[in-house]
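Chemist: Here are the chains, one letter per residue:
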Amino acid sequence: RKEVEQDPGPFNVPEGATVAFNCTYSNSASQSFFWYRQDCRKEPKLLMSVYSSGNEDGRFTAQLNRASQYISLLIRDSKLSDSATYLCVVTPEGYKLSFGAGTTVTVRA
Amino acid sequence: DAGVTQSPTHLIKTRGQHVTLRCSPISGHKSVSWYQQVLGQGPQFIFQYYEKEERGRGNFPDRFSARQFPNYSSELNVNALLLGDSALYLCASSLTPDTYNEQFFGPGTRLTVL
Numbered sequence: 001r002k003e004v005e006q007d008p009g010p011f012n013v014p015e016g017a018t019v020a021f022n023c024t025y026s027n028s029a030s031q032s033f034f035w036y037r038q039d040c041r042k043e044p045k046l047l048m049s050v051y052s053s054g055n056e057d058g059r060f061t062a063q064l065n066r067a068s069q070y071i072s073l074l075i076r077d078s079k080l081s082d083s084a085t086y087l088c089v090v091t092p093e094g095y096k097l098s099f100g101a102g103t104t105v106t107v108r109a
Numbered sequence: 001d002a003g004v005t006q007s008p009t010h011l012i013k014t015r016g017q018h019v020t021l022r023c024s025p026i027s028g029h030k031s032v033s034w035y036q037q038v039l040g041q042g043p044q045f046i047f048q049y050y051e052k053e054e055r056g057r058g059n060f061p062d063r064f065s066a067r068q069f070p071n072y073s074s075e076l077n078v079n080a081l082l083l084g085d086s087a088l089y090l091c092a093s094s095l096t097p098d099t100y101n102e103q104f105f106g107p108g109t110r111l112t113v114l
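Top line first, the protein sequences correspond to chains W and F.
Quick note on numbering: this note's numbering labels position 28 of the first sequence as 28, and the sequence is numbered without any gaps.
Quick note on numbering: this note's numbering labels position 42 of the second sequence as 42, and the sequence is numbered without any gaps.
For the record, the hints were derived by calculation from the structure and aren't laboratory data.
Please note that the accuracy of each hint is not assured.
What the hints assert, rightly or not - Mimicking SDA-like on lysine to any residue, the simulated pairs with C-alpha atoms at most 20 angstroms apart in a straight line are:
(1) Lys30(F) to Pro70(F)
(2) Lys52(F) to Phe69(F)
(3) Lys45(W) to Pro107(F)
(4) Lys42(W) to Val38(F)
Claimed, not checked - If you want a taste of the chain F side facing chain W, the calculated C-beta under 10 angstroms gives, among others:
(5) Val4
(6) Gly40
(7) Gln41
(8) Gly42
(9) Phe45
(10) Gly84
(11) Ser86
(12) Ala87
(13) Leu88
(14) Phe105
On a predicted model such as this, the values are computed, not experimentally measured, just so you know.
C-beta atoms are modelled at their ideal positions from N, C-alpha and C, and glycine is treated no differently.
Given these sequences and hints, build the entire structure.
Modeler: Shown next, in the form of structure tokens:
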């Protein structure tokens with residue numbers, strides 16, 4: 001079983017729409033959780049950390065459910081610039097980041 | 001301030017050859033990690049180095065090795081290249097190995113093995 005599994009999408013949404021997607025992780029000992037964003041043929045960049053209480057950063061909201069071992073990301077009022085691959089990341093062994101395969105989001109005008 | 005830099009940006013090798021990839025971390029960062037990203041997949045952890053010591057190793061064969069220098073720069077070496085080694089190799093730096101410190105990724109080295 002993969003450490004992190006994500007719906008690959010693609011999610012194709014119009015500008016202004018809300019889009020949400022999840023990932024699940026297998027190691028219950030994971031301590032830290034993140035969403036990274038990766039543009040085509042570029043390096044991943046941290047979008048936001050995910051906390052147990054849930055957290056929001058502008059139009060982005062992340063939730064963590066430890067009991068069910070899933071993490072979600074919701075994007076409100078989608079912009080064209082939100083088109084990217086979103087990588088779910090957990091830390092099953094402290095020092096290393098374990099990435100999912102990514103969820104592709106395309107926002108159309 | 002300069003971000004993480006990697007060289008070369010692109011590389012083409014043939015099966016059986018050896019390759020060395022280089023990474024310079026952000027100034028002040030002492031931890032460097034290496035990841036392999038195959039097309040269509042997320043990055044996979046290869047190594048982490050901190051203060052010139054290997055702190056962690058992913059599930060990669062012994063053909064993969066790395067080291068960190070006194071200035072905290074790092075090299076990733078891959079011997080006896082296989083077609084399956086074709087990937088984007090990413091270097092990430094952070095202040096310390098702890099995951100609460102954000103890891104900043106370099107632009108990567110795109111390796112093609114023919």
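Chemist: Against each hint, give a clear statement of whether it holds in the structure.
Modeler: Hints and how they fare:
1. With a C-alpha separation of about 10 angstroms, the suggested pairing of Lys30(F) with Pro70(F) holds against the 20 angstroms cut-off.
2. Straight-line distance between C-alpha atoms of Lys52(F) and Phe69(F) comes to about 6 angstroms, which keeps the hinted pair within the 20 angstroms bound.
3. At most 20 angstroms may separate the alpha-carbon atoms for a hinted pair to count; Lys45(W) and Pro107(F) meet this at roughly 10 angstroms.
4. Restraint check: the Cα-Cα separation between Lys42(W) and Val38(F) comes to about 13 angstroms, which is no more than 20 angstroms; the hinted pair holds.
5. For Val4(F), the suggested interface contact is upheld, since its CB lies about 8 angstroms from the closest CB of chain W, less than 10 angstroms.
6. Hint on Gly40(F) holds. Least Cβ distance to chain W is approximately 7 angstroms, under the 10 angstroms limit.
7. Satisfaction of the interface hint for Gln41(F) is found here, the shortest Cβ-Cβ separation to chain W being roughly 5 angstroms, below the 10 angstroms cut-off.
8. For Gly42(F), the interface hint holds, the least distance from its beta-carbon to any beta-carbon of chain W being 3 angstroms, beneath 10 angstroms.
9. The interface hint given for Phe45(F) holds, since its Cβ lies 4 angstroms from the closest Cβ of chain W, which is under the 10 angstroms cut-off.
10. Among the interface hints, the one on Gly84(F) is violated; its C-beta lies about 17 angstroms from the nearest C-beta in chain W, farther than the 10 angstroms criterion.
11. Nearest Cβ of chain W to the Cβ of Ser86(F): about 14 angstroms, over the 10 angstroms cut. The hint is violated.
12. A cut of 10 angstroms between beta carbons decides the hint on Ala87(F): the least distance to chain W is about 13 angstroms, and the hint is violated.
13. For Leu88(F), the suggested interface contact is upheld, since its CB lies about 8 angstroms from the closest CB of chain W, less than 10 angstroms.
14. Interface restraint check: Phe105(F) against chain W, minimum CB-CB distance 4 angstroms, threshold 10 angstroms, status holds.
The earlier numbered hints that this structure contradicts are 10, 11, 12.
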